[in-house]
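Residue numbers (the numbering used here), protein chains in the order written: chain B, 1 to 450; chain V, 1 to 450.
A couple of the hints might just be wrong.
Covered stretches of chain V, going by a simulated chain B footprint (3 or more residues, C-beta under 8 Å) [as the list claims (entries may be wrong)]:
(1) 176-186
(2) 195-206
(3) 337-345
(4) 376-382
Computed cross-link-like contacts, DSBU-like style, restricted to lysine-lysine with a CA-CA straight-line distance of at most 35 Å [to be verified]:
(5) K124/V to K90/B
(6) K221/V to K255/V
(7) K124/V to K404/B
(8) K400/V to K154/B
(9) K250/V to K251/B
(10) K284/B to K90/B
(11) K429/V to K404/B
(12) K154/B to K90/V
(13) K154/V to K221/V
(14) K400/B to K129/V
(15) K129/V to K90/B
(16) K90/B to K221/V
(17) K251/V to K251/B
(18) K442/V to K404/V
Calculated directly from the structure, the hints in this document are not laboratory data. The C-beta atom is built at its ideal place from N, Cα and C for all residues, glycine as well.
2 protein chains.
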Amino acid sequence: MATHKFFLGEDVLPRRWYNVLADMPTKPAPYLHPGTKKPVGPDDLSPIFPMGLIEQEVSDKRWIDIPEEILEILALWRPTPLHRALRLEKALGTPAHIYYKNESVSPAGSHKPNTAVAQAFYNKREGIKRLATETGAGQWGSALALACNFFDLKCMVYMVRVSYQQKPYRRSMMHTWGAEVIPSPSDKTNAGRGILAQFPDCPGSLGMAISEAVEDAATHKDTNYSLGSVLNHVILHQTIVGLEAKEQLKKAGEKPDILIACVGGGSNFGGFVAPFIPDKLEKKSMRIIAVEPSSCPSITRGQYAYDFGDTAQMTPLIKMFTLGHDFVPPGIHAGGLRYHGMSPIVSTLVKDGICEAVSAEQLEVFDAAVLFARTEGIIPAPETAHAIWAAIQEAEKCTKTGEKKVIAFNFSGHGHFDMGAYDAYFANKLVNFAYPQEAIEKSMANLPVV
Amino acid sequence: MATHKFFLGEDVLPRRWYNVLADMPTKPAPYLHPGTKKPVGPDDLSPIFPMGLIEQEVSDKRWIDIPEEILEILALWRPTPLHRALRLEKALGTPAHIYYKNESVSPAGSHKPNTAVAQAFYNKREGIKRLATETGAGQWGSALALACNFFDLKCMVYMVRVSYQQKPYRRSMMHTWGAEVIPSPSDKTNAGRGILAQFPDCPGSLGMAISEAVEDAATHKDTNYSLGSVLNHVILHQTIVGLEAKEQLKKAGEKPDILIACVGGGSNFGGFVAPFIPDKLEKKSMRIIAVEPSSCPSITRGQYAYDFGDTAQMTPLIKMFTLGHDFVPPGIHAGGLRYHGMSPIVSTLVKDGICEAVSAEQLEVFDAAVLFARTEGIIPAPETAHAIWAAIQEAEKCTKTGEKKVIAFNFSGHGHFDMGAYDAYFANKLVNFAYPQEAIEKSMANLPVV
Chain B
1 MATHKFFLGE DVLPRRWYNV LADMPTKPAP YLHPGTKKPV GPDDLSPIFP
51 MGLIEQEVSD KRWIDIPEEI LEILALWRPT PLHRALRLEK ALGTPAHIYY
101 KNESVSPAGS HKPNTAVAQA FYNKREGIKR LATETGAGQW GSALALACNF
151 FDLKCMVYMV RVSYQQKPYR RSMMHTWGAE VIPSPSDKTN AGRGILAQFP
201 DCPGSLGMAI SEAVEDAATH KDTNYSLGSV LNHVILHQTI VGLEAKEQLK
251 KAGEKPDILI ACVGGGSNFG GFVAPFIPDK LEKKSMRIIA VEPSSCPSIT
301 RGQYAYDFGD TAQMTPLIKM FTLGHDFVPP GIHAGGLRYH GMSPIVSTLV
351 KDGICEAVSA EQLEVFDAAV LFARTEGIIP APETAHAIWA AIQEAEKCTK
401 TGEKKVIAFN FSGHGHFDMG AYDAYFANKL VNFAYPQEAI EKSMANLPVV
Chain V
1 MATHKFFLGE DVLPRRWYNV LADMPTKPAP YLHPGTKKPV GPDDLSPIFP
51 MGLIEQEVSD KRWIDIPEEI LEILALWRPT PLHRALRLEK ALGTPAHIYY
101 KNESVSPAGS HKPNTAVAQA FYNKREGIKR LATETGAGQW GSALALACNF
151 FDLKCMVYMV RVSYQQKPYR RSMMHTWGAE VIPSPSDKTN AGRGILAQFP
201 DCPGSLGMAI SEAVEDAATH KDTNYSLGSV LNHVILHQTI VGLEAKEQLK
251 KAGEKPDILI ACVGGGSNFG GFVAPFIPDK LEKKSMRIIA VEPSSCPSIT
301 RGQYAYDFGD TAQMTPLIKM FTLGHDFVPP GIHAGGLRYH GMSPIVSTLV
351 KDGICEAVSA EQLEVFDAAV LFARTEGIIP APETAHAIWA AIQEAEKCTK
401 TGEKKVIAFN FSGHGHFDMG AYDAYFANKL VNFAYPQEAI EKSMANLPVV
């Protein structure tokens with residue numbers, strides 16, 4: 001029997017996070033204060049983040065120890081398995097070897113708890129009682145609800161209204177772990193009330209929900225804000241995924257030629273590929289591909305510029321690929337990828353030509369999802385299916401050239417709470433979104449002047 | 001860091017199923033033909049089952065090789081991890097060691113694919129093109145849809161109407177793997193039409209859906225019937241769970257004092273505990289506990305007698321614990337446990353005092369489910385929560401006595417498709433069902449005379 005799965009024993013759970021900032025040829029530009037346009041310091045961030053995370057955000061140490069309290073919780077489901085997708089390979093008739101790292105085995109169903117647990121820990125350690133956050137598809141909100149539950153913190157989730165309605169069971173999951181969940185825009189914050197006054201039926205967006213959660217944290221003394229992607233410390237926590245995958249590929253006797261992950265805010269991609277960046281810097285032929293939806297094409301059609309992280313312009317300015325902070329993407333089913341901006345680490349890696357980006361249409365993404373479900377079994381989240389689509393593309397190139405490339409992608413989450421999207425696909429109700437260039441240009445015209 | 005998870009490497013995936021019939025002091029009574037009341041032979045079963053499975057049903061060989069084709073598919077998710085529930089232990093303040101075998105990591109989310117894959121394989125090998133089956137909560141239907149997809153068989157699922165309505169996403173999951181799903185009772189079969197004529201709004205039951213699936217198989221030449229529990233060959237296939245758990249407990253340096261699993265038809269319980277039966281026969285103090293819902297108390301309040309497996313009296317007569325083949329349990333959320341009968345192997349083990357049974361009320365089961373979700377992370381299926389409830393009961397006894405017992409239970413599935421039940425629990429809408437004794441006596445008055 002051919003071997004499908006590569007385990008790491010308990011003993012080899014990584015004990016340190018890898019900080020890719022230490023090895024990047026170009027460092028990301030500093031965050032700027034939205035008022036003064038000067039680089040922000042720790043004091044600017046401390047009203048909403050704990051010092052433990054602020055230090056990680058700007059650290060240039062290559063390795064950072066993972067506290068024992070975090071490891072003990074991650075060990076509930078980590079290390080996660082690396083699978084060889086033998087049945088998918090066979091269906092494609094490709095000589096390529098396809099591997100996927102299975103992050104869907106976490107209790108929340110994705111990679112998100114890797115950073116949620118760390119963020120809850122540092123906040124708890126610094127006396128915080130409550131965390132506020134936003135969630136799109138619900139993966140991040142579920143992860144933070146789970147993590148807050150473990151550290152006995154209250155959790156307040158602003159959930160993008162369209163997802164709140166489409167995915168009631170994500171809400172139920174958050175309730176089960178004890179979190180409070182409300183649809184955003186809400187009447188709980190000035191940001192939310194302002195938007196509702198203008199657009200009473202507003203479906204919401206990640207940018208708006210971030211504004212609400214940041215305001216909640218800034219106006220409650222016992223509350224901090226928690227972000228599930230974009231920032232450096234989030235990618236740092238997610239490197240446990242890439243570190244495990246690297247060991248497991250070694251165990252499988254393989255060196256990856258192509259690494260693939262989907263990108264929304266960039267933490268899934270960043271965490272998976274960061275530990276391989278030193279290899280890429282040595283071996284130029286290696287390719288590292290970020291996959292985004294063509295309906296929210298931050299990297300492939302956005303600008304590399306300073307922009308706000310949120311709609312209400314409350315966050316620091318971030319140098320990143322952006323579609324403009326008031327860009328509202330269409331309601332595609334990969335809700336976790338509907339963000340106007342992109343992690344500064346990922347943006348810089350792309351800008352430097354170390355990583356590349358492609359975009360995929362919704363329909364071809366679901367074709368790939370169903371092929372994966374029917375060959376490998378697991379039903380993928382729509383976000384994850386973007387990575388699967390790109391892996392299939394690359395494997396099919398190998399079929400033509402006869403090359404035996406080693407392709408590894410991050411299976412970031414399962415689709416158990418996305419079955420409505422599969423229903424729509426089978427009922428031929430899913431469509432692609434050709435976003436008009438003028439619409440993108442319009443939102444980019446509102447970029448802040450720095 | 002304490003160790004939570006016990007892995008088995010790929011190399012130690014069990015290669016043989018364990019047939020507990022070889023070691024049972026009393027063998028189950030033979031199946032009887034519903035007309036002649038004589039023991040059935042292979043010819044009676046061959047219209048709906050392949051010979052490969054019929055042979056296993058009556059085999060007394062202790063070990064049966066698992067064909068390579070089956071192992072290759074099981075290896076997509078097997079071996080499954082065994083976890084030490086350290087956080088649950090801590091929450092309970094118990095000196096007991098609690099372990100759970102995590103079957104929720106299969107693509108369908110439960111232990112069910114272990115036998116679905118085997119059944120699809122043997123049917124395919126004997127030229128069958130299509131399988132018909134019933135499903136209650138949807139776990140079994142999903143598993144067979146997955147397995148048929150792997151072996152390129154058509155799959156027809158009769159889904160109990162109340163579940164079909166309550167759990168649309170289980171349907172979507174089956175569609176994703178290519179199965180056809182219709183609510184039962186349906187107008188596709190004589191059995192279904194007969195019931196609908198009498199009760200147009202009938203919510204359905206497993207017994208009715210079995211009648212429909214059996215009729216479908218008996219009336220289509222290319223179609224066989226597939227049953228997800230009750231029968232000996234189903235328990236045989238599920239022993240891979242217990243075999244792995246036994247090895248993993250050994251690896252953890254533990255010998256179980258108490259084994260626990262929930263029972264509906266008995267295959268989850270049987271597969272988990274069967275490999276430990278020889279140990280129990282040697283060490284009388286070991287306890288093996290089946291947990292059933294008090295709303296469908298086949299063992300704890302039923303009779304040990306010959307009865308039909310289905311409502312329409314089409315199946316052979318089975319000597320088992322039964323509530324009567326026309327018993328219709330209330331619509332509790334543990335749909336997989338709503339079956340009037342019980343596996344003859346499990347029934348005989350209980351009758352002989354080798355295993356014992358307890359029943360649990362719906363509300364206390366959900367209390368246990370939420371405690372588990374908040375300590376160990378994973379949200380359990382309502383069925384699985386019955387086992388958790390019993391494990392907590394036993395652990396709390398240890399708290400009182402100070403005994404350091406080793407308790408192991410089967411975490412048979414996750415609750416990702418049962419979140420509506422959690423919503424009802426949090427909204428205080430769940431109730432217990434005190435089933436009146438007269439109602440049970442009424443359905444048992446219709447037991448066939450043998």
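When you check the alpha-carbon spacing of K154/V and K221/V, does it fall within 35 Å?
Judged against 35 Å, a Cα distance of about 13 Å means the pair holds.
K442/V paired with K404/V [C-alpha distance capped at 35 Å]:
violated, 44 Å
Tell me if the straight-line CA distance from K284/B to K90/B falls inside 35 Å.
holds, 29 Å
Quickly compare the C-alpha distance for K400/V and K154/B to 35 Å and report which way the hint goes.
holds, 32 Å
Take the C-alpha atoms of K400/B and K129/V, compute the straight-line distance between them, and say whether it is at most 35 Å.
Roughly 34 Å separates the two Cα atoms, so the pair holds.
Pairwise hint evaluation, K90/B against K124/V, where the allowed Cα distance is 35 Å at most:
The hint holds at about 20 Å.
Take the C-alpha atoms of K251/V and K251/B, compute the straight-line distance between them, and say whether it is at most 35 Å.
Satisfied, since the Cα-Cα distance of roughly 22 Å is no more than 35 Å.
Pairwise hint evaluation, K255/V against K221/V, where the allowed Cα distance is 35 Å at most:
violated, 49 Å
Assess, step by step, whether the Cα of K250/V is no farther than 35 Å from the Cα of K251/B, and give holds or violated.
Roughly 25 Å between the alpha carbons, so the hint for K250/V and K251/B holds.
Distance restraint between K90/B and K221/V, which requires alpha-carbon spacing of 35 Å or less
It holds: about 31 Å lies between the C-alpha atoms, which stays within 35 Å.
Holds or violated: the stretch 337-345 of chain V covered by chain B, criterion of 3 or more residues with Cβ-Cβ distance under 8 Å?
violated (count 0)
Against chain B, does the stretch 176-186 of chain V show at least 3 residues with beta-carbon separation below 8 Å?
holds (count 3)
Of the numbered hints given earlier, the model fails hints 2, 3, 6, 11, 18; all others are met.
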